[in-house]
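Work out the full structure, taking the sequences as your base and the hints as a guide.
Below are the chains, spelled out letter by letter.
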Amino acid sequence: MSISLPALSAQLLVGLINGSFYALLSLGLAVIFGMLNIINFAHGAVYMMGAFCAYFLLNIFGIGYWPALIIAPIVVGIFGMVMERTMLKWLTGLDHLYGLLLTFGLALIIQGIFQNYFGSSGLPYAIPSELQGGMNLGFMFLPIYRGWVIVCSLVVCIATWYAIERTRLGAYLRAATENPTLVRAFGINVPRMITLTYGLGVGLAALAGVLSAPINQVRPLMGADLIIVVFAVVVIGGMGSIMGSIITGFSLGIIEGLTKYFYPEASNTVVFVFMVLVLLVKPAGLTGRAT
Amino acid sequence: MKNTISALLLGTALAFSVAGGAFAQDKNVKIGVLTDLSGLYSDLGGQGSIVAAEMAIEDSGMKAKGWKIDLVSADHQNKPDIATGIARRWIDTDKVDILADVLNSGVALAVNNVVKEKNSIMLNSGAGSSELTNTQCTPNTIHFTYDTYMLAHSTGSAMVKAGGDTWFFLTADYAFGHALENDTTAVVKAAGGKVLGSVKAPLNTADFSSYLLQAQASKAKVIGLANAGGDTTNSIKQAAEFGIVKGGQKLAGLLMFLSDVHSLGLNVAQGLNLSETFYWDMNDGTRAFSKRFAERLKTHAMPTMVHAGVYAGLLHYFKALDALGSNPHDGAKVVAKMKEIPTDDPLFGKGSIRIDGRGIHPAYLFEVKKPSESKGEYDLYKLIGTTPGDQAFRPLSESKCPLVKH
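Sequence lines, in order, name chains A and B.
When you line the first sequence up against the working numbering, it's residues 1 to 291, in that order.
When you line the second sequence up against the working numbering, it's residues 1001 to 1406, in that order.
Simulated from the structure, these hints should not be mistaken for laboratory data.
These numbers were taken from a predicted model, which means no experiment stands behind them.
All C-beta atoms, glycine included, are put in the ideal place defined by N, C-alpha and C.
Hints are supplied without guarantee of correctness; some may be wrong.
What the hints assert, rightly or not - Beta-carbon label-pair distances, calculated as ranges:
(1) A:Tyr117 to B:Gln1391: 58 to 64 Å
(2) A:Ile228 to B:Lys1382: 40 to 46 Å
(3) A:Tyr263 to B:Arg1088: 33 to 39 Å
(4) B:Pro1371 to A:Ile228: 35 to 41 Å
(5) A:Asn116 to B:His1329: 31 to 37 Å
What the hints assert, rightly or not - Some chain A residues well away from chain B (every beta-carbon gap over 12 Å; in silico):
(6) Gly62
(7) Leu106
(8) Tyr172
(9) Asp225
(10) Val276
(11) Lys282
And the structure:
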């Protein structure tokens, strides 16, 4: 296959778009793991719930895309907090495996319920009229909606990173993970903070779900297909590292995009090959601190 | 001593009478629906295939004739190894007589071997690969509903005739996708067209933009979608997003089911050409069946051609059993009977099962309606062409099936 510069740039851009989804999803996972030490396998399911929430808002309440971007993450985030309060809370201090099994089971149940009522082929969700159409960049036709996805995801990623790494609230949060007893002694309600953080992580996944609803069909299994790749992203970036997962999310999107161009048959394995290579060289991930 | 002898005599007599009864009148049948109950194809087969099988059992009237019919089902998860494991267990331990649906070509080709080895029956409705009745044909397999040869000829030649003489394929990277691409390539070339290239995407891809850009860059007039289920709907939806149809290229959905078009919505799917062998709104017979079917399904979806094939195929199987008088538990023998008697059911009309196992009935070319033309949620197709049964499928003269004597 001959390689042309325009075609290559187009693939890079498309990879960046997919990378924004990986980044948003792995960001939520990293926040939850970093702060709560929970390996949240229900992440794909809440991503799917975000998309379904947007669909219900539109088709039952007539609420469009823009309000859904705010409402869906809040609704699903509250669902996440209820889940944390009623179930995950009891696993504090136990081995990671318990959290993983619980959330994995929950994911299967949630997906099963949605599939039972809505089938597997999915429901349509249209691109909002303001973002329809596209622009010709010379080397490719960029749908405006995809451009919006990159911008939106970048802004959210950086804001989350800033909130956790650079603000006082974020400092409390990080301190609470290090030593909850001590932070409690300063009069801070640690369990509530943990619940809110889980809600935030889940909300981020739901936001990614709303963003993806107009691109993919709103399907019960849309998250299950994605979650394994997103886990690879988190592992490569270093479990719990916020900046690590953002950067890895975007770069893996690009690597995958290039593979789709040069050797498409390998496109759904390349991420895992990369993961193996990284783990061999840096077992704690690219930006992870060995503990 | 006397007691022992009489007991022995009684025992022998009992044994003979039981065995004799079983020989004369074995009217037990066990049907196994093997399908995708949880994955991307579960709308076009899945639970609907089980409902179709239940309806076939009820509508066959076999119970009134003294038959006892059991139904089991399992999820093969689109994995050939899981499917062959289930098939072996069903046939060996559970004494299942016939495996129905078996969608997904990769799965079907694997199960095909098991069924032949164990002299059971595969009544295939959901798989596409035309190899099932070509090089891989067996005396134990019937491929009832459709195949890639039919799809390629019906949709492919219609598109070339309409001026689409250069093609680029977006192909699902497994047995079915490859078969569909090859069959369509042959049709396009035979009609004087050219294939400019193809790209093979892994099964269950969420984002097709990368492949669509390659298809766009090829400048081919037609982009052939040699994929199925969620892969097809995602690629069509994203092709609209990338302005591919607006840019003058046409999409050919080489295998699309009613469930796919319904899921896409008419806004995105309108104008697409596709081929099927069954549509719910063809005549009173299909409408009556479909209405009953939708009422029984949780999602209330209308049946796809795969569901229709499971129903009609099983009805035909029961007819053959009825003609044989009892269940011989001999796959090849029952299949031979099924090939002998003509098929006739309300969904596919009159037809036959050919020597190579191919179900013969007409194929229909449909166009997806515009939103303004549709009168209901499932009012999706208009009929634009019919290929008679004897021309819709691969002619026996081209067959590489060992059962066909040239």
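Comparing the hints with the structure gives:
no., hint, result
1, A:Tyr117 to B:Gln1391: 58 to 64 Å, "violated, 42 Å"
2, A:Ile228 to B:Lys1382: 40 to 46 Å, "holds, 41 Å"
3, A:Tyr263 to B:Arg1088: 33 to 39 Å, "holds, 36 Å"
4, B:Pro1371 to A:Ile228: 35 to 41 Å, "holds, 37 Å"
5, A:Asn116 to B:His1329: 31 to 37 Å, "holds, 36 Å"
6, Gly62, "holds, 17 Å"
7, Leu106, "holds, 16 Å"
8, Tyr172, "holds, 37 Å"
9, Asp225, "violated, 6 Å"
10, Val276, "holds, 18 Å"
11, Lys282, "holds, 28 Å"
The earlier numbered hints that this structure contradicts are 1, 9.
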